[in-house]
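**Student:** Note that the protein sequences, when read in sequence, are chains V and U.
Counting from 5, one number per residue, gives the positions in the first sequence under the working numbering.
Counting from 5, one number per residue, gives the positions in the second sequence under the working numbering.
I should point out that these hints are in silico values taken from the structure, not numbers from a laboratory.
Any given hint could turn out to be false.
Each pair of labels, with its calculated beta carbon distance range [said to hold, decoys possible]:
#1 V:Tyr206 x U:Thr21: 43 to 53 Å
#2 U:Arg80 x V:Leu350: 34 to 44 Å
#3 V:Tyr206 x U:Leu138: 56 to 66 Å
#4 V:Val289 x U:Asp338: 46 to 56 Å
#5 U:Thr18 x V:Phe195: 50 to 60 Å
#6 V:Thr357 x U:Thr103: 24 to 34 Å
#7 U:His25 x V:Tyr346: 22 to 32 Å
#8 U:Ala86 x V:Thr145: 38 to 48 Å
#9 V:Tyr346 x U:Thr97: 36 to 46 Å
#10 V:Arg385 x U:Gly43: 43 to 53 Å
#11 U:Arg346 x V:Trp117: 48 to 58 Å
Ideal Cβ placement from N, Cα and C applies to all residues, glycine included.
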Amino acid sequence: MVMQHGPGRPVPVVFTGTRRELAGLLLRGYALLLPTIGLYRFWLLTWKRRFYWSNTDIAGDNLEYTGNAMQLLVGFLIAVAVFLPLYAMVFYLSTQSNQAAIVGYGMIGVTLWFLAGYAIYRARDFRLSRTLWRGIRFDQTGNGWAYALRRFGWSLLLIATAGLAYPFMAASLWRYRYVHSWYGDLRFGFFGSWKQLALPFYLTYGAVLVVGGAGLGISMALGVSTDSLAEPRAYLPLVIAALLIGALALRYQARELSSMYSSVRLGGAVVTVTVSARALIWQYVLCGMALIAAFAVLAIGGLVVLGVLASEAFAGGGFDLEIFFRQMQGSLITLAAIIFGYLLMLGAFTLMTELFIGLGFWRLIATGASIAGIESLNVVRARGEDKALAGEGLADALNVGAY
Amino acid sequence: MTIVGRYYDGQSATVHTVALHYLAEYDSGTLLIGDAADGSEIARWAASDLYLVPGRRDEMRLAASGQPAGARVVVRGADTIARIRATLPVLGTKQRRETTRQRRLAVTATLALVAVIATYLYGVPLLASRIVGLVPPAWELRLGATVASQLQSSLGGLQICDPDPGSLANRALTRFGQAAMAESGSPFALDINIVRSDIPNAFALPGGQVFFLSALLDQAQSPDEFAGVLAHEIGHVAHRHGMEQLISSAGTGALIGFILGDMTGISVAAGLGSTIIDARFSRDAERQADAFAAQVAHRLEFDASGLVDLLNRVGEDDDFARALALLSTHPLTDDRKAALDRLGQDRPSGLEPPFTPAEWQAIKAMCGGALDQRGTPINVGATKTK
Chain V
5 MVMQHGPGRP VPVVFTGTRR ELAGLLLRGY ALLLPTIGLY RFWLLTWKRR
55 FYWSNTDIAG DNLEYTGNAM QLLVGFLIAV AVFLPLYAMV FYLSTQSNQA
105 AIVGYGMIGV TLWFLAGYAI YRARDFRLSR TLWRGIRFDQ TGNGWAYALR
155 RFGWSLLLIA TAGLAYPFMA ASLWRYRYVH SWYGDLRFGF FGSWKQLALP
205 FYLTYGAVLV VGGAGLGISM ALGVSTDSLA EPRAYLPLVI AALLIGALAL
255 RYQARELSSM YSSVRLGGAV VTVTVSARAL IWQYVLCGMA LIAAFAVLAI
305 GGLVVLGVLA SEAFAGGGFD LEIFFRQMQG SLITLAAIIF GYLLMLGAFT
355 LMTELFIGLG FWRLIATGAS IAGIESLNVV RARGEDKALA GEGLADALNV
405 GAY
Chain U
5 MTIVGRYYDG QSATVHTVAL HYLAEYDSGT LLIGDAADGS EIARWAASDL
55 YLVPGRRDEM RLAASGQPAG ARVVVRGADT IARIRATLPV LGTKQRRETT
105 RQRRLAVTAT LALVAVIATY LYGVPLLASR IVGLVPPAWE LRLGATVASQ
155 LQSSLGGLQI CDPDPGSLAN RALTRFGQAA MAESGSPFAL DINIVRSDIP
205 NAFALPGGQV FFLSALLDQA QSPDEFAGVL AHEIGHVAHR HGMEQLISSA
255 GTGALIGFIL GDMTGISVAA GLGSTIIDAR FSRDAERQAD AFAAQVAHRL
305 EFDASGLVDL LNRVGEDDDF ARALALLSTH PLTDDRKAAL DRLGQDRPSG
355 LEPPFTPAEW QAIKAMCGGA LDQRGTPINV GATKTK
């Protein structure tokens with residue numbers, strides 16, 4: 005189906021980054037977030053992208069991320085300016101009658117959902133236009149509003165069809181993104197279709213219904229037979245069903261990523277991506293175990309610290325909340341303890357998800373990819389200079405950006 | 005020994021394997037980029053134009069100003085990188101300069117943010133009261149009506165104990181309200197409602213409505229306590245605190261969203277942050293309302309610190325409340341009592357009592373409360389009118 009230029013054998017994509025290096029980078033970044041009141045996040049994101057990009061090696065040449073923190077900061081400020089009128093509107097609505105407020109909040113929620121599509125597209129534009137490979141820049145054309153409208157229309161259809169329209173939506177959005185992507189003066193092509201997604205999606209859909217229904221049914225039967233809703237055993241089937249559904253969803257996601265990425269063409273270069281469902285699920289299992297371990301360490305550490313600070317509250321083997329609060333002596337210490345504890349937990353959570361899920365996804369896709377006919381790209385020329393694109397703006401404010 | 009690297013010209017995607025040579029001249033130098041296979045020259049970059057681009061740890065990416073944006077020389081291997089750095093100290097200098105620039109940017113941005121937060125914390129109480137002056141009273145009245153209807157539905161109906169405005173108790177309350185509001189210049193007509201409820205509480209809504217719940221009235225042992233709490237709530241109306249807090253908490257949400265980069269404000273951190281700041285503003289408002297009550301007590305014969313006694317009877321601060329005082333919307337009762345006693349020190353004597361004994365009895369009986377069981381009001385009223 006695809007013309008291959010020359011004898012080129014597929015070259016694998018290599019990922020050279022290690023978890024340890026990313027962990028060091030993230031911990032350093034989190035530490036700097038404190039004195040900068042969170043502003044360091046723009047620098048941290050830049051460092052993180054440099055790590056991912058520069059460790060992704062395609063045929064001997066790695067990617068380069070050319071964006072910087074200042075661009076992200078400026079984009080964020082612009083987004084805030086866009087958000088303030090919306091914010092004022094929410095405030096005005098909150099002072100109105102119940103019905104007007106509910107209608108108004110609903111409309112703002114819909115507006116945000118629509119804007120999220122625009123934000124996702126612009127963020128992708130920002131990342132692509134700041135990615136170099138072999139000294140040539142990637143880019144994205146197309147219209148962010150058109151993409152947002154498309155995504156919005158599809159999501160309405162998705163609701164109307166109880167999710168059954170998903171394969172059509174996914175294929176349509178993947179096509180829009182890749183047909184408008186460029187490497188230098190060479191445009192990407194996309195040959196995927198809903199037909200590749202339909203069978204795995206509907207099978208997964210059916211399986212989720214069966215598993216969910218079974219879990220709910222058994223759970224209710226157990227709850228009824230023991231005549232008590234508080235019976236913990238009654239919830240076990242629900243938990244098992246939820247875990248199974250999670251695994252099924254990941255299995256489908258691996259399928260979708262594999263078949264959609266493998267439908268991407270760039271001139272004579274053909275991408276093949278194989279993401280193993282088992283490996284993807286394993287990343288989540290690892291992340292879960294790491295989270296449990298991290299929170300256990302935090303809990304033990306917290307108890308030790310509390311034991312030292314408020315030893316009398318623990319006297320006599322038990323824990324006396326009243327003595328404990330008396331010993332916290334004043335509001336400031338308590339407040340500091342609450343905030344510090346919260347930050348530690350949040351830090352542990354984001355660290356583990358980034359180390360296992362974030363890195364896991366990137367590595368699975370990169371190392372599962374190979375590119376045939378890559379020699380055909382030698383003739384690609386650079387396109388015109390970078391157009392003005394100030395940061396990721398909305399994406400940062402809406403928190404929809406990935407990587 | 006030549007250094008071998010990869011060269012991208014930034015114009016086509018062709019990769020050249022190149023040999024690098026450094027041509028030293030007396031005040032500057034040139035990097036010669038030659039084809040590794042046949043030695044033909046591909047490009048020459050002046051040493052002063054060279055700078056480093058961030059990349060992988062074991063890799064050095066060189067770029068030069070004046071060249072196409074994507075033009076790079078990429079060299080791998082720690083030894084090679086060290087050699088190039090030693091030959092071209094200008095690279096290190098430029099890299100350090102860039103690091104300093106980034107650091108300065110981060111520090112400047114942080115200082116700007118600190119200034120914004122400080123301005124916010126100290127400016128908003130001022131600003132909010134100014135903005136409140138700009139809010140049309142009609143809007144605030146409408147808002148108050150909305151809040152009242154929301155309360156109706158959440159509390160399961162607010163039943164007014166004595167709907168007759170001409171009754172002895174209601175006339176006394178209206179007179180008290182007028183006396184309290186006399187010097188405030190408020191655009192609102194006060195509307196005092198004693199309503200039936202099991203919850204011991206009293207509150208003021210935007211637009212001038214004050215609600216005093218029967219459970220709190222039942223707990224009041226003297227006109228001092230009742231008049232103190234009522235004057236406090238009227239203080240909220242006079243200062244338009246409801247509107248002011250609405251405005252300042254909207255501002256807090258925007259600020260916290262700005263700091264955390266989460267404008268939707270749904271994260272725990274955003275919630276906690278706004279709680280701390282809003283609680284601070286709310287405590288300020290409570291102190292203002294207390295001061296208002298103390299002022300009213302300069303015109304009518306009652307002791308405003310009675311309000312603390314009544315509130316203390318309903319719910320005393322425990323160690324838990326003390327430990328979490330920074331999150332609380334009210335100041336600690338001990339502090340309020342001390343402040344009110346201080347404000348009440350030079351109260352003029354010989355003032356009119358707020359309620360006559362008969363009126364006080366009528367107020368206590370408004371919600372059909374079992375008056376006999378308490379039996380104290382007449383005595384208390386009598387002692388105070390002396």
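**Student:** Please go over all the hints and tell whether each is borne out by the structure.
**Tutor:** Going down the list of hints, with the structure as the test:
1. A hinted range of 43 to 53 Å holds for the C-beta pair V:Tyr206 and U:Thr21, which are about 51 Å apart.
2. Look at U:Arg80 against V:Leu350: about 38 Å separates their beta carbons, and that is inside 34 to 44 Å.
3. For the pair V:Tyr206 and U:Leu138, the beta carbons lie near 58 Å from each other, so the given range of 56 to 66 Å is met.
4. Distance hint check for V:Val289 and U:Asp338: the Cβ-Cβ separation is about 54 Å, which falls inside the suggested range of 46 to 56 Å.
5. For U:Thr18 and V:Phe195, the Cβ-Cβ distance of about 27 Å falls outside the hinted range of 50 to 60 Å, so the restraint is violated.
6. About 29 Å separates the C-beta atoms of V:Thr357 and U:Thr103, a value consistent with the hinted range of 24 to 34 Å.
7. At roughly 57 Å, the beta carbons of U:His25 and V:Tyr346 sit outside the given window of 22 to 32 Å.
8. For U:Ala86 and V:Thr145, the Cβ-Cβ distance of about 43 Å falls inside the hinted range of 38 to 48 Å, so the restraint holds.
9. Between V:Tyr346 and U:Thr97 the CB atoms are about 43 Å apart, so this pair conforms to the stated range of 36 to 46 Å.
10. In this structure the supplied range 43 to 53 Å is violated for V:Arg385 paired with U:Gly43, their Cβ-Cβ distance being about 26 Å.
11. Between U:Arg346 and V:Trp117 the beta carbons are some 55 Å apart, a value that agrees with the proposed interval 48 to 58 Å.
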